[in-house]
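Undergrad: Taken in sequence, the protein lines are chains L and C.
Residue numbering for the first sequence is 1 to 233, as defined by the numbering used here.
Residue numbering for the second sequence is 1001 to 1099, as defined by the numbering used here.
Possibly wrong hints are sitting among the right ones.
[Claimed, not checked] Here are the simulated SDA-like pairs of lysine to any residue, each with C-alpha atoms no more than 20 Å apart in a straight line:
(1) L:K178 with C:K1030
(2) C:K1002 with L:K2
(3) L:K2 with L:E68
(4) C:K1030 with L:F224
(5) C:K1002 with L:E68
(6) L:K90 with C:F1055
(7) L:K3 with L:P14
(8) C:K1002 with L:K90
(9) L:K32 with C:F1055
(10) L:K178 with L:A190
(11) L:K2 with L:I70
(12) C:K1002 with L:I70
[To be verified] Okay, the calculated bits of chain L under chain C, using three or more residues with CB under 8 Å as the criterion:
(13) 49–56
(14) 129–137
[What the hints assert, rightly or not] These stretches of chain L come out as covered by chain C in the derived footprint (C-beta under 8 Å, 3 or more residues):
(15) 114–122
(16) 146–158
No lab work stands behind these hints: they were computed from the structure.
None of the values given here were measured: they were computed from a predicted structure.
Just so you know, even glycine gets a beta-carbon here, dropped at the ideal spot from N, CA and C.
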Amino acid sequence: MKKEFKLGMYHGIPIGLGYLSVSFGFGIMAVKSGLTTLTAALISASNLTSAGQAAGVGVIAAGGSLIEMILVQLTINLRYSLMSLSLSQKLDRSFTLPHKLLVAFGITDEIFAVSAGRKEKLTPWYMYGMIMVSFAGWVTGTFLGASAGELLPASVSAALSIMLYGMFIAIIVPPSRKEKSVLTVVVIAALISILLRYCQTVVSGGFAVIISAVAASAAGAFLFPVRDEEESH
Amino acid sequence: MKLFLYIFVMAMVTYLIRMIPFAFFSKKIKSRFFRSFLYYIPYAVLSAMTIPAIFYSTGNILSAAVGTAAAVLFAYFGAPLIVVALAAALAAYLTGLFI
Chain L
1 MKKEFKLGMY
11 HGIPIGLGYL
21 SVSFGFGIMA
31 VKSGLTTLTA
41 ALISASNLTS
51 AGQAAGVGVI
61 AAGGSLIEMI
71 LVQLTINLRY
81 SLMSLSLSQK
91 LDRSFTLPHK
101 LLVAFGITDE
111 IFAVSAGRKE
121 KLTPWYMYGM
131 IMVSFAGWVT
141 GTFLGASAGE
151 LLPASVSAAL
161 SIMLYGMFIA
171 IIVPPSRKEK
181 SVLTVVVIAA
191 LISILLRYCQ
201 TVVSGGFAVI
211 ISAVAASAAG
221 AFLFPVRDEE
231 ESH
Chain C
1001 MKLFLYIFVM
1011 AMVTYLIRMI
1021 PFAFFSKKIK
1031 SRFFRSFLYY
1041 IPYAVLSAMT
1051 IPAIFYSTGN
1061 ILSAAVGTAA
1071 AVLFAYFGAP
1081 LIVVALAAAL
1091 AAYLTGLFI
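For reference, chain C alone in the conformation it holds in the complex:
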């Protein structure tokens, strides 16, 4: 039961964040600082979530590091999301074979 409460709260918070500005705001945010802050938030969040957690994602730091390097390389050259994600997995898998 507790688990479903957590999932419900998680879904509700996520929905409200999307819904309130979409349905009820039409004015522009005036504060330049706040607009800048919101602009950087997605990148900061994803960076903090990825590092250092990605190095523990495969259960082996070496294979995870090689997977990370592959992802950064493919992303740097502008590969689509799915290609970057698959390249990371493939590189981690291949490295895992040699450990």
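Bound-form chain L, shown alone:
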């Protein structure tokens, strides 16, 4: 148990360090959108998700409705259900329901990637270790970014605001390079998003992301149905 926890923490270090700097950008962005430092940290501590938080702050800043918030979170975070589903297939027998309820909170893209890549069955304590280190990095970074964002020169904080998007690009580009199907989906989503941004005024930011993503993914599923082994990514 102790050994598993330590190993999890060790595997969580690169994730935590990455989160520390990326969430710094989120903190800056949140404060720019009119939130306080503590509110920004609270969002990070209760959500632990990059894209969902960025979009959520966007909905709050734009004065969107609760329905919009729910739909935005559903669409953007829908990917987690697939990751959770995939991880649920390789849990150790010691994973009782209370453990599942706790660990589910910490399933992020990076934690999924690391734990899915592990050959052994996943134990609760391994997951706790990894999630704890990642969580600490994410919340600390948000707090620092939100508080120091005001102290930093405008030129620096402006540049740091791009970091979260930089991380998104880092997730999109490598698979687009490898698979034509992913590239097609990425391009379709971007094109629809651009169209919605410049060619109409009815649909607001959060809904625009939903429409673009659902349309592009449906097109991808229609044009390039995945084979069985791809689904386990």
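Given chain L, put chain C in place with the hints provided.
TA: Frame of chain L; chain C shown alone:
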């Protein structure tokens, strides 16, 4: 108060999406279309969130464009997340100095 309601709803939706399949599903999804759809969703979401929003992230389209180009370049050659993110910020910062 309204703000905290929003944050609560946001956190709850996010948690349920992760928790329900993790704790209660053990069967495989049968529909090939739906499995494919779920496979593409993360990339589509991130793409739609990034474009065109990234070009407005720094408050100057030119510095944002240079930052974007740096990110795509580093990501293309497989740099780790953190390196890509920092490269984008550094490129945007350096461009900002000349504007």
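Undergrad: Between the region 129–137 of chain L and chain C, see if three or more residues pass the 8 Å beta-carbon test, and mark the coverage as holds or violated.
TA: With 0 residues close enough to chain C, the hint is violated.
Undergrad: Verify the proposed pairing of L:K32 with C:F1055, using a straight-line Cα cut of 20 Å.
TA: The given pair, whose Cα atoms are some 16 Å apart, holds under the 20 Å limit.
Undergrad: L:K178 and C:K1030: Cα distance at most 20 Å?
TA: Not satisfied, since the Cα-Cα distance of roughly 26 Å exceeds 20 Å.
Undergrad: Would the hint linking L:K2 and L:E68 be met if the CA-CA limit is 20 Å?
TA: 43 Å, violated
Undergrad: Are there three or more residues in the region 114–122 of chain L whose C-beta lies within less than 8 Å of some C-beta in chain C?
TA: violated (count 0)
Undergrad: Count the residues of the region 49–56 of chain L whose Cβ falls closer than 8 Å to any Cβ of chain C, and tell me whether that reaches three.
TA: holds (count 7)
Undergrad: Holds or violated: are the alpha carbons of C:K1002 and L:E68 at most 20 Å from each other?
TA: 15 Å, holds
Undergrad: With the threshold set at 20 Å, check whether the alpha-carbon distance from C:K1002 to L:I70 stays at or below it.
TA: Holds, at about 15 Å.
Undergrad: So if I understand the rule, the pair passes when the alpha-carbon distance is 20 Å or less; does L:K3 with L:P14 pass?
TA: With Cα atoms ~19 Å apart, L:K3 and L:P14 stay inside 20 Å; holds.
Undergrad: Please verify whether L:K2 and L:I70 have alpha carbons no more than 20 Å apart.
TA: The given pair, whose Cα atoms are some 38 Å apart, is violated under the 20 Å limit.
Undergrad: Next pair to validate is C:K1002 with L:K90; report whether the Cα-Cα distance is within 20 Å.
TA: 40 Å, violated
Undergrad: Run the distance test for C:K1030 versus L:F224: straight-line Cα separation, threshold 20 Å.
TA: Answer holds: C:K1030 to L:F224 is near 17 Å, not above 20 Å.
Checked against the numbered hints given earlier, the structure breaks hints 1, 2, 3, 6, 8, 11, 14, 15 and satisfies all the rest.
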